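Engineer: Sequence:
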Amino acid sequence: MAGKPYNFKFFLFMQKVLFTRTWNKIYIQRKASSSPHASQPDFNKYPFLGKGQGTLLNKTLMFHMEGALLKSSSVFPYFLLVAFEAGGPLRAFTLLLLYPIVCLVGKEWGLKIMVFVCFVGLKEASFSVGRTVLPKFLLEDVGNEGFDMVMKCGGTKIAVTDMPRVMVDCFLKDYLRIEYVVGRELKVVCGHFLGLMEDIKTSSGSMELEKVPREGKRDSPVIGISCFNNSLHHQLFSCCEVVYMVSEADKKNWQTLPREKYPRPLIFHDGRLALRPTPIATLFIFMWIPFGIFLLLVRAIVFFLLPYKLSILFLHFTGLRGTLIIPDDGRVSNELKQLSKEGGLLYVCNHRTLLDPVYLSMGLVQVRPPSLSLAAVTYSLSRVTELFAPIRTVRLTRNREKDSKMIEKQLQQGDIVICPEGTTCREPYLLRFSPLFAEKTDRIVPVAIDFHVSMFYGTTAGGYKSLDPVFLLMNPTSHCSATILEKLPKSYTCKGGKSKFEVANHVQALIGKALNFECTSLTRKDKYMILAGNEGIV
Numbered sequence: 001m002a003g004k005p006y007n008f009k010f011f012l013f014m015q016k017v018l019f020t021r022t023w024n025k026i027y028i029q030r031k032a033s034s035s036p037h038a039s040q041p042d043f044n045k046y047p048f049l050g051k052g053q054g055t056l057l058n059k060t061l062m063f064h065m066e067g068a069l070l071k072s073s074s075v076f077p078y079f080l081l082v083a084f085e086a087g088g089p090l091r092a093f094t095l096l097l098l099y100p101i102v103c104l105v106g107k108e109w110g111l112k113i114m115v116f117v118c119f120v121g122l123k124e125a126s127f128s129v130g131r132t133v134l135p136k137f138l139l140e141d142v143g144n145e146g147f148d149m150v151m152k153c154g155g156t157k158i159a160v161t162d163m164p165r166v167m168v169d170c171f172l173k174d175y176l177r178i179e180y181v182v183g184r185e186l187k188v189v190c191g192h193f194l195g196l197m198e199d200i201k202t203s204s205g206s207m208e209l210e211k212v213p214r215e216g217k218r219d220s221p222v223i224g225i226s227c228f229n230n231s232l233h234h235q236l237f238s239c240c241e242v243v244y245m246v247s248e249a250d251k252k253n254w255q256t257l258p259r260e261k262y263p264r265p266l267i268f269h270d271g272r273l274a275l276r277p278t279p280i281a282t283l284f285i286f287m288w289i290p291f292g293i294f295l296l297l298v299r300a301i302v303f304f305l306l307p308y309k310l311s312i313l314f315l316h317f318t319g320l321r322g323t324l325i326i327p328d329d330g331r332v333s334n335e336l337k338q339l340s341k342e343g344g345l346l347y348v349c350n351h352r353t354l355l356d357p358v359y360l361s362m363g364l365v366q367v368r369p370p371s372l373s374l375a376a377v378t379y380s381l382s383r384v385t386e387l388f389a390p391i392r393t394v395r396l397t398r399n400r401e402k403d404s405k406m407i408e409k410q411l412q413q414g415d416i417v418i419c420p421e422g423t424t425c426r427e428p429y430l431l432r433f434s435p436l437f438a439e440k441t442d443r444i445v446p447v448a449i450d451f452h453v454s455m456f457y458g459t460t461a462g463g464y465k466s467l468d469p470v471f472l473l474m475n476p477t478s479h480c481s482a483t484i485l486e487k488l489p490k491s492y493t494c495k496g497g498k499s500k501f502e503v504a505n506h507v508q509a510l511i512g513k514a515l516n517f518e519c520t521s522l523t524r525k526d527k528y529m530i531l532a533g534n535e536g537i538v
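So for the sequence shown, UniProt numbering puts the first residue at 1; every next one is plus one.
In short, the hints are calculated from the structure, not lab data. There's no promise every hint is true.
Derived SDA-like pairs: lysine to any residue, alpha-carbon spacing no greater than 25 Å straight-line [what the hints assert, rightly or not]: (1) LYS525 <-> LEU266; (2) LYS252 <-> ASP148; (3) LYS187 <-> PHE127; (4) LYS107 <-> PRO221; (5) LYS187 <-> VAL102; (6) LYS487 <-> ASN516; (7) LYS251 <-> ILE280; (8) LYS465 <-> GLY319; (9) LYS402 <-> GLU439; (10) LYS173 <-> LEU266; (11) LYS123 <-> CYS170; (12) LYS405 <-> ARG432; (13) LYS261 <-> SER73; (14) LYS498 <-> GLU439.
The model shown is predicted, which means the values in this text are computed figures rather than measured ones.
Produce the complete structure using the sequences and hints provided.
Structural biologist: Next up, the structure:
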């Protein structure tokens, strides 16, 4: 008899072990009871989420964004992006210092600390990080399996998030086509964020649930997808008939959502950080910044003081690497050497960074003498960047007649390089090419340029353009690939009977094919209206 209590304890222990091993196969089902107070869920065994996708067809779906859609359950990188891009490096460094405390105080208080540090004092009207910066990083964190489960639902989709709604509303509604977003609002006084969130029960974001039945869309039982550590929105999911639970073990096996499956393509985004700012990555960024500033100065000084070929070798040694690709077994190279002697060659390239013409001039040293004149036709380059440019720059005026005469004059003096997109694009897309270049010469050489950075983007739409070269040269490493294509045949130029629009579209298609980029009809104006709310006039 004395052994029975111990046997009973052993039985409870084994039951607990077996239960934890099968927790990813558990779903919460609303208890079938006629009592109006019977609202507590009951645990029952059920096949895993992926095997029950057919149950989501034509039903309203409520899912927890961080637990059921994103691969990573940590929201720290997204708050760090808000702190860095909207508040500055000092605010981001403060958030990094508080990260150990955020981990210790629990989920709710940790969230409140991050919200306060990131948002206190920011202007509500000028806050655009949730629209211009965060969608890129959120899309890269979406799990392919979680995305398939959410998109399997043919009815109304309701996203529930722990983060403030202003951070994820654009990402969910514009890029994932989610109809309703439930999240807490931020308190605002005199147009500035206080850094405090509304209570879950009183937040206007939770009122989104009430709109669904009024519009007659919730005509079927609600299916929920959540995670086991989601304690902030338990009451919201209590209205679901079934709630599928996703565990961290399942999410470890998820694959990243491929770009081809994005409901809306990500073409434009802003911000300076090029890598996901996890706590370790953020610590490395702040440790690198002093060395980056020193390296920036060294790179700039050496490039101006040393001879051209020596400076190229030094820059390669410090991490600024480039690759020049000339196809067809030297035939293009020999043709360029002959054409360069005659002068007046027009290099047409896509626009990735402000250093595109510089890298092209460095690469052309292999096929043409460096003493030959090469000018870069620019549009939105800042005066500071023009002052320190290592090659001659000529600014466009947006006046078609004046710009045409200026390009024609420059071609008489030597070779020029022009980026007819008019602005940079970070993603694998080409913007519409302006046909201005096509009218002035039939000596057109397309150049396909791709550029990759390791830490900072050297372009911005809503920030300070004078800092573009600073951030670009502060990167530990960067790589530029320039592919010089064959000179356009005369039959494909305006002098061969083609219109200027046909020539521009043909050159865009050639560069897009060489880079495997998608051609679009978007323009500089479209980019700046999306990212900065203006037409991009500098």
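Engineer: Hint by hint, note whether the structure agrees.
Structural biologist: Going down the list of hints, with the structure as the test:
A hinted pair counts as satisfied when its Cα atoms are at most 25 Å apart, and LYS525 with LEU266 qualifies at roughly 17 Å. Using a Cα cut-off of 25 Å, the hinted pair LYS252 and ASP148 holds, with the two alpha carbons roughly 16 Å apart. Between LYS187 and PHE127, the direct Cα distance comes to roughly 14 Å. Compliance with the 25 Å bound is thereby established for this hinted pair. Pair hint LYS107 plus PRO221 does not hold up; C-alpha atoms about 30 Å apart against a cutoff of 25 Å.
Distance check on the hinted pair: LYS187 and VAL102 sit about 21 Å apart at the alpha-carbon level, within 25 Å; holds. With a C-alpha separation of about 20 Å, the suggested pairing of LYS487 with ASN516 holds against the 25 Å cut-off. Restraint check for LYS251 and ILE280: the C-alpha separation of about 21 Å stays at or below 25 Å, so the hint holds. The straight-line distance between the Cα atoms of LYS465 and GLY319 is roughly 23 Å, inside the 25 Å bound, and the hint therefore holds.
A C-alpha spacing of about 14 Å is found between LYS402 and GLU439, which places the hinted pair at or below 25 Å, so the restraint holds. For the suggested pair LYS173 and LEU266, the alpha carbons sit about 14 Å apart, so the restraint of at most 25 Å is met. For the given pair, LYS123 sits about 18 Å from CYS170 by alpha-carbon distance, which is consistent with the 25 Å threshold. Note on LYS405 and ARG432: the hinted pairing holds, with a Cα-Cα distance of about 22 Å set against a maximum of 25 Å.
About 22 Å separates the Cα atoms of LYS261 and SER73, which keeps this hinted pair within 25 Å; it holds. The suggested pairing of LYS498 with GLU439 holds, with an alpha-carbon distance near 10 Å, which does not exceed 25 Å.
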